[in-house]
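Going down the list, the protein sequences come from chains A and B. Heads up: the first sequence begins at 1 in my numbering, then just goes up one per residue. Heads up: the second sequence begins at 1 in my numbering, then just goes up one per residue.
Where hints are given, some of them may not hold.
Copies of the same chain look alike in the list, so a pair counts if it works inside one copy or between any two.
[Claimed, not checked] PhoX-like, lysine-lysine: derived pairs with alpha carbons at most 20 Å apart:
#1 LYS212 with LYS222
#2 LYS154 with LYS165
#3 LYS36 with LYS6
#4 LYS212 with LYS82
#5 LYS6 with LYS212
#6 LYS35 with LYS55
Because the hints were derived from the structure by calculation, they are not lab data.
Protein chains: 2
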Amino acid sequence: MSHFGKLYLLPVPISDEQEQNYLPEYNIRVVQGLKKFIAEDAKIARRFLKRFGYKTLDEAEISLLNQHTEKNEIPGFLSFLKQGLDMGLMSDAGCPGIADPGAEVVKLAHQAGIEVVPLVGPSSIVLSIMASGFNGQNFAFIGYLPIEKGPKAKRIKELEQLALKHDQAQFFIETPYRNEQLFELLLEQLSPQSKLFIGKDICSPNQSLLAKTVAQWKTGIKPAMHKIPVVFGIYKE
Amino acid sequence: MSHFGKLYLLPVPISDEQEQNYLPEYNIRVVQGLKKFIAEDAKIARRFLKRFGYKTLDEAEISLLNQHTEKNEIPGFLSFLKQGLDMGLMSDAGCPGIADPGAEVVKLAHQAGIEVVPLVGPSSIVLSIMASGFNGQNFAFIGYLPIEKGPKAKRIKELEQLALKHDQAQFFIETPYRNEQLFELLLEQLSPQSKLFIGKDICSPNQSLLAKTVAQWKTGIKPAMHKIPVVFGIYKE
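Next up, chain A with everything else stripped away, as it sits in the complex:
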């Protein structure tokens, strides 16, 4: 095991603005020492490396892991690690392995006996859980709801029941251009006393993290969220 390289999980700032506020200095030092990376998008990865003062960008080798990557290509990503070289796994924004495709590589690394080293950084999901004031002892992130309206409405009802029955706060995301539709459906389907968390544009200067009852959201001004990254949460006490 000890002759293998380490797989570093490198969080990437969520927003371009104030990005230096969201990463420990230590991460930058780790990144400087790496030559091999796995990333969702090469352009985004190179921009990240450049912005954080990575000095040998021409030598950086970036393997792509995204929806176009075949499952049988992934084991090949580990060859550098097996040769003793450290690698950095990045997502486009946020923490690798949380709502991104990184988990598959991490799984194979564990199977191969490669050390996995997660670094601290921003995750809009984690910041939402913290800022919701919901149940920090019991929460779930369930990714995306179904796309079709009928199954989506049904899932919302299920999540409300889970929140109530198991005292478990439920967090989820939506494709940004469908946010406003989802928000309307949430107000329609949830009971007025249920709490709804909306975390908008997290880690940008416009960030807004609010938890209100559905009744309060209904009477207030509708928050603009079209094409803006949002984390949603449901809780019921």
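With chain A fixed as given, assemble chain B onto it according to the hints.
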């Protein structure tokens, strides 16, 4: 709303060693500007402030939020915020609102229309989710299992079923002196092909984050974990 102070959620390093590796520089700047804090333990909070170069420790006022705090004391914590002063909410280690008592204060802040600002920092639970290689699109943190052996065994079986049925990775913690008991019970109750993640002493120089099948854990050397902080995870594909 704008005349109120902001409630900053301040992550605290998990381990005393290498602690500067786990916080963005920005957090230190925010802490310097605060005079009022809410913390689980005054001594731990003061040590944190001191270590991070907080300059006016004599003037810092720390309100205690822990198992001895009466629920009716908590609204009083917000009085400084309502007077327009910013406050910092800290847990003993990790991120406020994640497996700590901070959520109650955050809830009241939302109710009062106070802005909640979560800062980036280490959480052993989040680092475990990242490093597990389990399902980053669907995971739950469920806090502690029941203490009694019978209900605990039953809960383990339930979690394995949840993992399989909903493809949802299940993370949980234990009081550190009961870790080895829980580990034995997990090996006994889970099916051999289920995956078990053990995240030990995270953010310390001894950290170990491993995901293996139950069959592999059974044949390997038992990891020492008595009185060591551990995050557990179950997943089944």
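Here is how each hint holds up against the structure:
1. Taking the shortest alpha-carbon separations for LYS212 and LYS222, only the intra-copy value of 12 Å comes in at or below 20 Å, while the best inter-copy value is 47 Å.
2. Proximity of LYS154 and LYS165 under a CA criterion of 20 Å is satisfied in both settings, with 16 Å inside one chain copy and 18 Å between copies.
3. Taking CA atoms no more than 20 Å apart as the test, LYS36 paired with LYS6 passes inside one copy only; the shortest distance there is 11 Å, against 41 Å between copies.
4. Taking the shortest Cα distances, LYS212 and LYS82 sit within 20 Å of each other only across copies (19 Å), while inside one copy they are farther apart (50 Å).
5. In this assembly of identical chains, LYS6 and LYS212 lie within 20 Å of each other by CA distance solely across copies; the values are 17 Å between and 43 Å within a copy.
6. Proximity of LYS35 and LYS55 under a CA criterion of 20 Å is satisfied intra-copy only: 10 Å inside one chain copy versus 40 Å between copies.
Hint check: no violations occur; every hint is consistent with the structure.
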